[in-house]
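Participant: Knowing the structure of chain G, use the given hints to seat chains F and C on it.
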Amino acid sequence: MSDAVSDDTDLDALAEASLFEAPPLAEQERMVEAVLFASANPVSVAEMSGRMPHGCNAKAALEMLQKRYEGRGVRVVKIGEAWAMRTAPDLGFLMQKETVETRKLSRAAIETLAIVAYHQPCTRAEIEEIRGVSVSKGTIDQLLELEWIRFGRRRMTPGRPVTYVVTPAFLDHFGLESARDLPGVKELRAAGLLESRPMPGLDDEDTEDQDDLFEDES
Amino acid sequence: MSDAVSDDTDLDALAEASLFEAPPLAEQERMVEAVLFASANPVSVAEMSGRMPHGCNAKAALEMLQKRYEGRGVRVVKIGEAWAMRTAPDLGFLMQKETVETRKLSRAAIETLAIVAYHQPCTRAEIEEIRGVSVSKGTIDQLLELEWIRFGRRRMTPGRPVTYVVTPAFLDHFGLESARDLPGVKELRAAGLLESRPMPGLDDEDTEDQDDLFEDES
Amino acid sequence: MADPDQFEINDLLSVEERLAAEALIVDVDGYEGPLDLLLQLSRTQKVDLMKISILHLAQQYLIFVEKATELRIELAADYLVMAAWLAFLKSRLLLPPDPTDEGPSGEELAAHLAFQLQRLEAMREAAAKLMARDQKGRDFFVRGIPEEVARLRNVTYSASLLDLMQGYARVRTKDEFRPFVMDREAILSMEQALERLRGLIPYAIEWADLASYLPEGWELDPKKRRSATAATFAASLELAKQGQIEIRQSGTFARIEIKARNGR
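Residue numbers (full-length UniProt numbering), protein chains in the order written: chain G, 1 to 218; chain F, 1 to 218; chain C, 1 to 264.
The following block holds chain G by itself, in its conformation from the complex (with noise of 0.2 Å):
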């Protein structure tokens, strides 16, 4: 089992010569293109590594394959802890017939997904509160039911209130790696507009560990 190892046809060569030693890289970055290219969800390392043979490494593979596809017209993105292959976003243009018309979102919508992408994991009365109106459960609703959003852990306060946090199919839809991706988030947090800032004058105990929280999650 030395060389004649990647024979495209030699299929059972290979899956003898695998119970001893993995393919080699190469052979392990055409099966990653494979499985990738054949998937419309983003499939994670351990569901890659599942159906590779035993010994690969899914992870190196996926890295390769990422640098192969740079700059090409498909390209290999990380979402989260899994991978997908995506077309290169300045070829929209051609993909008139693709492309799916969603329903607009409200602006509450958008604002509400805004907060709990850049404030997660967040009550709904901490939505509230910073957008200074009260959040209609339609909004929520809308949100968890297109799957951007989705119940984080309940807050350790009294009431012990439901949090909301941003999906991997949010990450997915907008192109993000991972939630500490999101436009603007470092700035943001360095200017402190992240934090949760009680009134003067108020004990607010139930917003002191937001920011922990923050950091936990994401």
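These are computed hints drawn from the structure, not numbers from a lab.
Incorrect hints may appear among the rest.
Said to hold, decoys possible - 20 Å max Cα-Cα, derived SDA-like pairs, lysine to any residue: (1) F:67 to G:199; (2) G:67 to F:75; (3) C:67 to C:40; (4) C:136 to G:183; (5) C:129 to G:67.
As the list claims (entries may be wrong) - Which residues of chain G face chain F? A partial, calculated answer using Cβ under 8 Å: (6) 30; (7) 31; (8) 72; (9) 128.
Stated by the list, open to error - Just so you have them, the derived chain C footprint on chain G, three or more residues with Cβ under 8 Å: (10) 88 to 100; (11) 114 to 126; (12) 156 to 167.
The beta carbon of each residue, even a glycine, is placed where N, CA and C say it ideally should be.
Facilitator: Okay, now just chains F and C, sitting in the frame of chain G:
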């Protein structure tokens, strides 16, 4: 084909340029790559040309792309007059995920199986009489599929109903040499599996019955 | 809120500012709450939010609310709550600090309001940047012909000998609870009850509850009990008619008792 062509942000310049001359072939290759990737159907050369900026040579770009993907995990293939991308056939094994699941047999199936084992050959009506509830076809089918029961001789009674008997695979699975090795009602009671006090006379009568049935078949 | 100060402040503002404030009144419905309105008003100051004059902003807001009231525009309660709070803040900012007061100073409150405005503004900008990003299905696209991953599910069913034995024991146990002489159905016919009762009469020497003559096990199942009770009662009437038994009942709904006539 130099690869520095694609400045992702410089779309306007590209679009403007295309009014006068076609984009470089390398850029055209990126375009056909993205379209083939995202299209839900194979794309003909004519359709591809229609989607690309004026002056492009779709066919040449497609052929270039096909070359590029030679030997890779994905292939550019021609299907009739149309083009599409497909995962390399030798990697088909990655497109299936094998999972082994062990499930407990349902209560209905266990009881049905037990009745067949203790009373074989046994008709469906008899199984229902003993269980006191009707037996779904699915349950019988499942046991037939598992090859734990099979059809026995037809009963020589009106309607000539089929009977079921247990198979060697059944004996094998349960580690029995023959169905006679199944513990009788007395042993079941001794083992504490039968808790109710029997009605006088029922016990013996019943086990004898059972023995007869075994005599019949095996 | 008809505070004489108001008019003074009104005069302090330039004509331009008043026009701006009036223009805003027209689409009061367009605001998403008092904070949104404050943010809009702050824009007329044409300065960085960090340097905004909260006092000035409070005045603008109060004028807005007053105008709205004059024009008989119904303002939601939260606008009025904000107006009251801003009036309070304004007085704090204008009056020299009271050393005996333990509450937050006017400056602290003003700084917090400025922070809230900055944060709302920042979130709006962030939301706009987020929506301006390349989006899936609009700017970039997923694989058009995804290949389904065939899940080869090998289901193996397991059952142990013990499962089998327990299963059998279960059905046999069920069987043994059933009176073996009786039909499986939950109905006792009068004929059956009559036959059963006839057999038992020779032993009915003492008065005994009719219910104790129900077939064994039938009293456990409500359906069976009902049927058996009715049939046994009917059978007892028949037997009484034939002179074989006596029936007595001490009162309405009391127990019905029977005993054999010749057992006397």
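Participant: It remains to establish, for every hint, whether it holds in the given structure.
Facilitator: Consistency of the hints with the structure:
1. At roughly 65 Å between alpha-carbon atoms, residue 67 of chain F and residue 199 of chain G are farther apart than 20 Å, so this suggested pair is violated.
2. Among the hinted pairs, residue 67 of chain G with residue 75 of chain F is consistent with the structure: their alpha-carbon atoms are about 19 Å apart, no more than 20 Å.
3. With a C-alpha separation of about 16 Å, the suggested pair residue 67 of chain C and residue 40 of chain C falls inside the 20 Å cut-off, and the hint holds.
4. Of the pairs offered as hints, the one joining residue 136 of chain C and residue 183 of chain G holds, with about 17 Å between alpha carbons and a cut-off of 20 Å not exceeded.
5. In summary, the hint linking residue 129 of chain C to residue 67 of chain G is not supported, as the alpha carbons are separated by about 27 Å, beyond the 20 Å threshold.
6. Against a cut-off of 8 Å between C-beta atoms, the interface hint on residue 30 of chain G holds, since the closest Cβ of chain F lies about 4 Å away.
7. Taking 8 Å as the C-beta cut-off, the interface hint given for residue 31 of chain G holds, the closest approach to chain F being about 6 Å.
8. Proximity of residue 72 of chain G to chain F holds as hinted, the smallest CB-CB distance being about 6 Å (cut-off 8 Å).
9. Against a cut-off of 8 Å between C-beta atoms, the interface hint on residue 128 of chain G is violated, since the closest Cβ of chain F lies about 38 Å away.
10. Closer than 8 Å: that is the beta-carbon criterion, and the stretch 88 to 100 of chain G has 7 residues meeting it against chain C, so the requirement of 3 holds.
11. Here the stretch 114 to 126 of chain G counts 4 residues with a CB under 8 Å from a CB of chain C, which clears the bar of 3, and the coverage holds.
12. Requiring three or more residues with a Cβ within less than 8 Å of a Cβ of chain C, the coverage given for the stretch 156 to 167 of chain G is violated, as only 0 such residues are present.
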